[in-house]
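Produce the entire structure from the sequences given, and follow the hints as far as they go.
8 protein chains.
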Amino acid sequence: SYAKIDHHRGLRQGYPEVIYCEGKSIEHIKGIVKKMLERNSNILATRANKEVYEALKDTTEDIEYNEMARIIMIRKNEIKKSKSKILVVTGGTSDIPVAEEAAITAEFLGNTVEKLYDVGVAGIHRLLSHRKNLDEANVIIVVAGMEGALASVVGGLVDKPVIAVPTSVGYGANFNGLAALLAMLNSCASGVSVVNINNGFGAGYFASTIIKQIDKIK
Amino acid sequence: SYAKIDHHRGLRQGYPEVIYCEGKSIEHIKGIVKKMLERNSNILATRANKEVYEALKDTTEDIEYNEMARIIMIRKNEIKKSKSKILVVTGGTSDIPVAEEAAITAEFLGNTVEKLYDVGVAGIHRLLSHRKNLDEANVIIVVAGMEGALASVVGGLVDKPVIAVPTSVGYGANFNGLAALLAMLNSCASGVSVVNINNGFGAGYFASTIIKQIDKIK
Amino acid sequence: SYAKIDHHRGLRQGYPEVIYCEGKSIEHIKGIVKKMLERNSNILATRANKEVYEALKDTTEDIEYNEMARIIMIRKNEIKKSKSKILVVTGGTSDIPVAEEAAITAEFLGNTVEKLYDVGVAGIHRLLSHRKNLDEANVIIVVAGMEGALASVVGGLVDKPVIAVPTSVGYGANFNGLAALLAMLNSCASGVSVVNINNGFGAGYFASTIIKQIDKIK
Amino acid sequence: SYAKIDHHRGLRQGYPEVIYCEGKSIEHIKGIVKKMLERNSNILATRANKEVYEALKDTTEDIEYNEMARIIMIRKNEIKKSKSKILVVTGGTSDIPVAEEAAITAEFLGNTVEKLYDVGVAGIHRLLSHRKNLDEANVIIVVAGMEGALASVVGGLVDKPVIAVPTSVGYGANFNGLAALLAMLNSCASGVSVVNINNGFGAGYFASTIIKQIDKIK
Amino acid sequence: SYAKIDHHRGLRQGYPEVIYCEGKSIEHIKGIVKKMLERNSNILATRANKEVYEALKDTTEDIEYNEMARIIMIRKNEIKKSKSKILVVTGGTSDIPVAEEAAITAEFLGNTVEKLYDVGVAGIHRLLSHRKNLDEANVIIVVAGMEGALASVVGGLVDKPVIAVPTSVGYGANFNGLAALLAMLNSCASGVSVVNINNGFGAGYFASTIIKQIDKIK
Amino acid sequence: SYAKIDHHRGLRQGYPEVIYCEGKSIEHIKGIVKKMLERNSNILATRANKEVYEALKDTTEDIEYNEMARIIMIRKNEIKKSKSKILVVTGGTSDIPVAEEAAITAEFLGNTVEKLYDVGVAGIHRLLSHRKNLDEANVIIVVAGMEGALASVVGGLVDKPVIAVPTSVGYGANFNGLAALLAMLNSCASGVSVVNINNGFGAGYFASTIIKQIDKIK
Amino acid sequence: SYAKIDHHRGLRQGYPEVIYCEGKSIEHIKGIVKKMLERNSNILATRANKEVYEALKDTTEDIEYNEMARIIMIRKNEIKKSKSKILVVTGGTSDIPVAEEAAITAEFLGNTVEKLYDVGVAGIHRLLSHRKNLDEANVIIVVAGMEGALASVVGGLVDKPVIAVPTSVGYGANFNGLAALLAMLNSCASGVSVVNINNGFGAGYFASTIIKQIDKIK
Amino acid sequence: SYAKIDHHRGLRQGYPEVIYCEGKSIEHIKGIVKKMLERNSNILATRANKEVYEALKDTTEDIEYNEMARIIMIRKNEIKKSKSKILVVTGGTSDIPVAEEAAITAEFLGNTVEKLYDVGVAGIHRLLSHRKNLDEANVIIVVAGMEGALASVVGGLVDKPVIAVPTSVGYGANFNGLAALLAMLNSCASGVSVVNINNGFGAGYFASTIIKQIDKIK
Ligand SMILES: Nc1ncnc2c1ncn2[C@@H]1O[C@H](COP(=O)(O)O)[C@@H](O)[C@H]1O
Ligand SMILES: Nc1ncnc2c1ncn2[C@@H]1O[C@H](COP(=O)(O)O)[C@@H](O)[C@H]1O
Ligand SMILES: Nc1ncnc2c1ncn2[C@@H]1O[C@H](COP(=O)(O)O)[C@@H](O)[C@H]1O
Ligand SMILES: Nc1ncnc2c1ncn2[C@@H]1O[C@H](COP(=O)(O)O)[C@@H](O)[C@H]1O
Ligand SMILES: [Mg+2]
Ligand SMILES: [Mg+2]
Ligand SMILES: [Mg+2]
Ligand SMILES: [Mg+2]
Ligand SMILES: [Mg+2]
Ligand SMILES: [Mg+2]
Ligand SMILES: [Mg+2]
Ligand SMILES: [Mg+2]
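Chains as they are written, first to last, in our numbering: chain A, 1 to 218; chain B, 219 to 436; chain C, 437 to 654; chain D, 655 to 872; chain E, 873 to 1090; chain F, 1091 to 1308; chain G, 1309 to 1526; chain H, 1527 to 1744.
Do not rely on the hints blindly, as some may be mistaken.
Listed below are the simulated BS3-like cross-link pairs for lysine-lysine, each with C-alpha atoms no more than 30 angstroms apart in a straight line [unchecked claim]:
(1) Lys486/C x Lys922/E
(2) Lys50/A x Lys4/A
(3) Lys1205/F x Lys1440/G
(4) Lys301/B x Lys434/B
(5) Lys688/D x Lys735/D
(6) Lys952/E x Lys1175/F
(7) Lys1423/G x Lys252/B
(8) Lys350/B x Lys298/B
(9) Lys298/B x Lys85/A
(10) Lys486/C x Lys551/C
(11) Lys1088/E x Lys1173/F
(12) Lys902/E x Lys1606/H
(13) Lys81/A x Lys434/B
(14) Lys1561/H x Lys1576/H
(15) Lys1147/F x Lys1171/F
(16) Lys216/A x Lys299/B
(17) Lys1607/H x Lys1658/H
(18) Lys952/E x Lys1306/F
(19) Lys253/B x Lys83/A
(20) Lys253/B x Lys1440/G
(21) Lys1560/H x Lys1583/H
(22) Lys301/B x Lys268/B
(23) Lys252/B x Lys80/A
(24) Lys350/B x Lys299/B
(25) Lys1124/F x Lys955/E
(26) Lys1124/F x Lys1094/F
Read the hints as simulated data drawn from the structure, not as lab findings.
So, in structure tokens, the structure goes:
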């Protein structure tokens, strides 16, 4: 009664089941996972703290936890690797947890993912010396906190979709990621769209819908 | 001295020159257009009011003005039509100016565009009875004001990239589009990314970078 | 001296005494309950954590605690069941605590309550396949977090009062429920009014004032 | 193509067609009205300035304009009067345009409406000496700007649904109605729900859904 | 070096020394108190938690701690009682800690203080039946959270200075006292001025400057 | 019907009738004034533009308009001068309209008012060389825009009530007076209370309630 | 009486008199200028529209108006040129009015100023190909709207003071310059400080205080 | 892979390596420090809690921790003392941690630093009696919370660069430093620029870039 699992989504969208764990009781999460397992789906549980993992880890085999990204993965079916490629870029080291959430989500959804971390605009040569990584990707996810300027700089260098993820890295007038969010929404570079603050999952998922369009038509 | 035209962008990104007219003096705009015309580029001037068009219209042939979308188009080179398709959807009639900015931008950048207007969630059967339009598109742009719920509903129905454009349609606690912006950033449907309030241009441009990835690989 | 109990409300409004526990010392809460018990009223204590319940549970019989809803109920007089019906709907599983606060409040005030949980717009078929529940209700309470789009969708499907309760489920640009609050206030569907973020109590109470109007006239 | 008229609403909800005029071109509004008139519906056009009325007034007979409320009414079918009653209350004289929008909407939807204007809390005896009006209503709409305290005071005096409409009357830290909106959402009186700032239409409509529930069951 | 004690204030303003403890290390607080004690001043330390008191209590005799108000008082000189009177009123029981901070501050500054707690507008008869208290005061401090309507109601009933103190009592769209703060700043009753959220100290101090003007001239 | 004049206020509070003109139709204002004139009251109409004055000026003799302060005064009864004194201080020349609203209001309510304009903290010697003015006043109104620092500096120099009026003078991150409002609410000087942005009327009125307390007791 | 001219500033700070025209009546501005001219000072009047200039232009010779920068300059004494150099950089063409306000202010205060306009991060090669300009400056003023990323990029390239001026160029979630302001305050590059939105004057003035320190010591 | 150390900065800017510790895992911080030590750089780690220090303290000699400022210093090369001088001023004792972050950063970058603490405007004579300190400095950093008025007062007294650091000292409508931030951005004194709330590091670093310009030219 507390959950109506949307199996249509799996069918409809060709994706695994996804559970957003924040704000759910462990009991509820467990119940949802069990019901999903009846259909043998792959399951991705995001925003899962260690306690959630402890409660779930004996429910099934093929379960894995990535603590930095706060993601639980249950693999019941093989996951393919896309031909097209997603590049995940971060401004700093502190943005990595969100970047990992994006990367793991994208991989779990069947995509080939590369990473280029800590190339923020305070030392822009770090980015410029990695042009090749930018050129080889089909979609780029830029994860940056503080003033989020990296999204604009990357957006100005390439002619491919750039998905910007503001992070809450920073303090004071950063307002928990608002500064980067507004910056990214107002990017003077044009091919940039934005997801919610710290929403690595959303960026990975959105990138994945693009890759599916690219790969399916070939 | 007042403008360093970014011809690299044309080369680098395979796109026309773009001018953002708001806040520029007519004299400056005219100067920029003239310098661009020396290289025979196609030119898209956004946020252009009628006065700007009046000042420009004798500068060149092949110039056209769309008043609703506030866009000036100068076509010096033929524009192709992509195989893949962008669908532009609006919640209401009041959102059409922003939707047209998106549609015209995307077409000017060489894309095939379809439109489905006034299918907001207050009468959701209007959207549900147009499933086919959703199914045939490769990328969907959802333009909606007030509470912006349409982006979530569309996002939940398809497994393709949905670009959400909040509009400033509404009043009071709408705060000039903030309500729809926040709603779209927090969409419970996953394949949704967001551009700035009323940024039809940005949505059309971003959609276009996706279509280029799809079509080029084929 | 620290509390002037408003017995008029019981008389005036035909309702039980209500205590809002947040920010009150346990000693004060205890004193208030004792004074109320002198008049043998039913008592509803909201936002009560376990510690409050522990302190109160030996004060009287007929006391019950619902931990998920953080509500203490003291039943000194029988509670009737209204003929007319309130339906409580949620977008997701995480919204249930607020929904339960609404449902329990409404029941404690003498209303018949039904529940339809986890039917958010990310998988809209879940809602559409429960049309009957919507049709049978006299008043509908919609509890939703993230972008709160469910209120608009329900509002567009029915011609009865829809009371929207934004929840703080979400993160980042959700701003602890602000996104859903603004969305609901700007609903493009017309028969929707709104209460405070997470205010399940207020929704249950307001719904109850409507049911009283319906049932009394019959 | 610019409008998909939601005739279902009329059927589904038993209500007239409604047009929100702000942000629509006069041409679009005219087209929408003509399409609606084909089905001989009653039509309510809100947020309509004089220019809109001038453009419409020769389209049909039975058309009327209320300038203060900025409402156009087209009456093609007789409108009944409900047995149950809505009372519209304002804090001050400046709130009257919004109150009139609520009252006219409610009347156009078939309700009996009474009015009690300029009884704000700065001189609370004005309200207290009108207790009888409060007692005779089934639903009360409270329209107030500045700090919106009137909603709480009315909410504390009655045991019926109170619909609060914040207005943008005020200046400075009023932030165009935000002060009253927040006050009303946080009302310490319980039977209060809220609609958007200046949303007289929404309050009248919502009140009407309640009256329909009351009167239909009898 | 970490503090330049403003002994001028004592002289200049005829008041005790005041220390604001939040954000100061215990070591710093201790040092400040010691330096003040050299001049044998009365000392009021606000926002002091228990730990601060523990650290100070052996520094001097005549020290007292009020935990609810989080105030430490050190009395080295006798404190007089003003002829004129301050009344402290609260909307609810949860506002009492802030009210006590105001009352204790005012008393420590030599004023006669009365209290009228829990007379909020949800049951307005509680206030109206205490008219006499209002009439006998020279200055009234109104402490209220949630929507802060009480300040306006009191302001409308009297012709004396009303000092409004918004509290952070509430949740959701209360935004930690912002709702009450805005309401009070926008009061439709005229003789109302406002201090910071939860600033009981400021209200007590400001009231005291008024009383000094009244009593000194007599 | 559009106005319930609060004659009690005159009686109750010993003050003239006050009309807040913003947002009222000229017709309504005229009606209100006429009704008030029946009782031969003094009338103060605030926020009155020239058009309002033109409409009123033939209604009665003894009418006067101050355009800078946007105030209309109708004097039917003699106005006394208090013994105690109010000083109105401004930070800059741009703050004068608000200061004049305060001064005129206070004078119209029977107070002796002095002025000290353009003594902001950017050149603090201008204030310090006017210590005498500060010392002779019983109540000080500080009107300041931009960062509103003047209120704190004055508050630190005196031991009398300081009423701070933030103005909307400034731009950018001033947010129409929000910067000064927040600064004044957070003043590190203690005897400071605050009224709404640009609310000269409120400051003059509040100061007047203090003066009445001082003078009546003598 | 409406202005206390701060001649100390000229003496104290070695600078011309400065008038902020916004919000002052023309009569007041004229009076202030006349009083200043008695001391034969250079005068800079900022935020002056054409009407102000028209009113002043016959008051004195040596008066000049820059319409784009909205500045009036009155030169009574020769202005020297500093050895050290200020570079003013803009992101786009639309930022030029603010940049000119900064440049003109700095020049009027005796500084050598160079300009590098329209080198925003959307085409970063435009900036990188002007490294020499950056290297030759002693202080750099970066003027940028939209997301204000240019300040961070410049800040990362140099080891000299970078003064960031956010402009209100942009729309929607730009919130009139808030996006750029927050971005600049949160710059991940370290040598960056910030002035108010559109405050070209402040940036020019602040840069000037630095140049004075550099040049005086030599 | 998790960090691309920007050794260019050291070379390019003549500064030590800097690590921002907040939001980085201890493992990452350790790895970064080790990689930096390979080049024998001086290292400054800001926002480092005790746990970080414990983890690092055995990695190298010459390591020191300042707990109040939350800074770790690793000195591998001698640090010079500038001829020109930075003065760090605070409003109160509670602002000292931020001031120390500024002072230590500036010293670590090779500057001569003096301090003047607790001279806020509530007792302005404390500042005025230290004119000499102001006069001897080349750059002044003003650290202040609450309403941040001190920056304006200092800015009005001197003709040298004033760097304002708002702190989060305060509560309620202080909004964690927003009040002081806005005040400082809107300072009516001209030579003031601003860094992020609590950003002592940024102020120290920015001041240092100025000192380098002064001292290098000599
Ligand atoms: N980390 C996340 N951030 C945002 N949305 C998420 C996240 N994880 C899952 N979701 C979405 O939340 C929905 C599941 O919600 P629920 O039914 O409450 O578990 C799915 O539609 C997901 O697309
Ligand atoms: N309507 C628009 N909204 C947002 N960005 C735009 C718009 N039109 C053009 N732009 C971007 O603004 C930049 C041009 O800026 P400018 O050099 O100031 O004309 C281009 O990079 C465009 O990508
Ligand atoms: N300029 C003003 N700002 C704030 N409140 C005002 C102002 N002028 C009058 N008022 C208040 O507004 C009330 C009159 O409102 P109304 O009945 O709408 O004219 C009176 O109680 C006054 O105290
Ligand atoms: N306390 C601080 N506040 C703001 N920025 C800082 C702080 N400490 C270091 N930084 C900046 O952060 C950058 C280092 O970021 P990261 O590579 O994430 O360690 C450097 O460029 C510093 O200039
Ligand atoms: Mg790094
Ligand atoms: Mg429509
Ligand atoms: Mg769910
Ligand atoms: Mg009135
Ligand atoms: Mg109570
Ligand atoms: Mg001045
Ligand atoms: Mg440009
Ligand atoms: Mg101190």
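Hints versus structure:
Restraint check for Lys486/C and Lys922/E: the C-alpha separation of about 24 angstroms stays at or below 30 angstroms, so the hint holds. A distance of roughly 25 angstroms separates the Cα atoms of Lys50/A and Lys4/A; the hinted pair therefore holds under the 30 angstroms criterion. Pair hint Lys1205/F plus Lys1440/G does not hold up; C-alpha atoms about 55 angstroms apart against a cutoff of 30 angstroms. In summary, the hint linking Lys301/B to Lys434/B is supported, as the alpha carbons are separated by about 10 angstroms, within the 30 angstroms threshold.
Straight-line distance between C-alpha atoms of Lys688/D and Lys735/D comes to about 27 angstroms, which keeps the hinted pair within the 30 angstroms bound. A C-alpha spacing of about 26 angstroms is found between Lys952/E and Lys1175/F, which places the hinted pair at or below 30 angstroms, so the restraint holds. Between Lys1423/G and Lys252/B, the direct Cα distance comes to roughly 22 angstroms. Compliance with the 30 angstroms bound is thereby established for this hinted pair. Between the alpha carbons of Lys350/B and Lys298/B the distance comes to roughly 25 angstroms, so the proposed pair stays at or under 30 angstroms and holds.
For the given pair, Lys298/B sits about 26 angstroms from Lys85/A by alpha-carbon distance, which is consistent with the 30 angstroms threshold. This hinted pair checks out: Lys486/C and Lys551/C have alpha carbons roughly 25 angstroms apart, not beyond 30 angstroms. Note on Lys1088/E and Lys1173/F: the hinted pairing holds, with a Cα-Cα distance of about 14 angstroms set against a maximum of 30 angstroms. For the hint linking Lys902/E to Lys1606/H, the alpha-carbon distance of about 36 angstroms lies beyond 30 angstroms, and the restraint is violated.
Note on Lys81/A and Lys434/B: the hinted pairing holds, with a Cα-Cα distance of about 20 angstroms set against a maximum of 30 angstroms. For the suggested pair Lys1561/H and Lys1576/H, the alpha carbons sit about 21 angstroms apart, so the restraint of at most 30 angstroms is met. At most 30 angstroms may separate the alpha-carbon atoms for a hinted pair to count; Lys1147/F and Lys1171/F meet this at roughly 26 angstroms. Pair hint Lys216/A plus Lys299/B holds up; C-alpha atoms about 20 angstroms apart against a cutoff of 30 angstroms.
Only pairs whose Cα atoms come within 30 angstroms are accepted, and Lys1607/H paired with Lys1658/H is accepted, the gap being roughly 21 angstroms. With a CA separation close to 22 angstroms, the supplied pair Lys952/E and Lys1306/F stays within the 30 angstroms bound. Under the criterion of a C-alpha separation no larger than 30 angstroms, the hint pairing Lys253/B with Lys83/A is inconsistent with the structure, at around 42 angstroms. The straight-line distance between the Cα atoms of Lys253/B and Lys1440/G is roughly 25 angstroms, inside the 30 angstroms bound, and the hint therefore holds.
Taken as a hint, the Lys1560/H and Lys1583/H pair is honoured in the structure, with Cα atoms around 12 angstroms apart against an allowance of 30 angstroms. Distance hint between Lys301/B and Lys268/B is unfulfilled; the C-alpha atoms sit about 34 angstroms from each other, more than 30 angstroms. Proximity of Lys252/B to Lys80/A is assessed by CA-CA distance (about 51 angstroms); at most 30 angstroms being required, the pair is judged violated. A hinted pair counts as satisfied when its Cα atoms are at most 30 angstroms apart, and Lys350/B with Lys299/B qualifies at roughly 21 angstroms.
Restraint check: the Cα-Cα separation between Lys1124/F and Lys955/E comes to about 43 angstroms, which exceeds 30 angstroms; the hinted pair is violated. The straight-line distance between the Cα atoms of Lys1124/F and Lys1094/F is roughly 13 angstroms, inside the 30 angstroms bound, and the hint therefore holds.
In terms of the numbered hints stated before, the structure departs from hints 3, 12, 19, 22, 23, 25, listed from lowest to highest.
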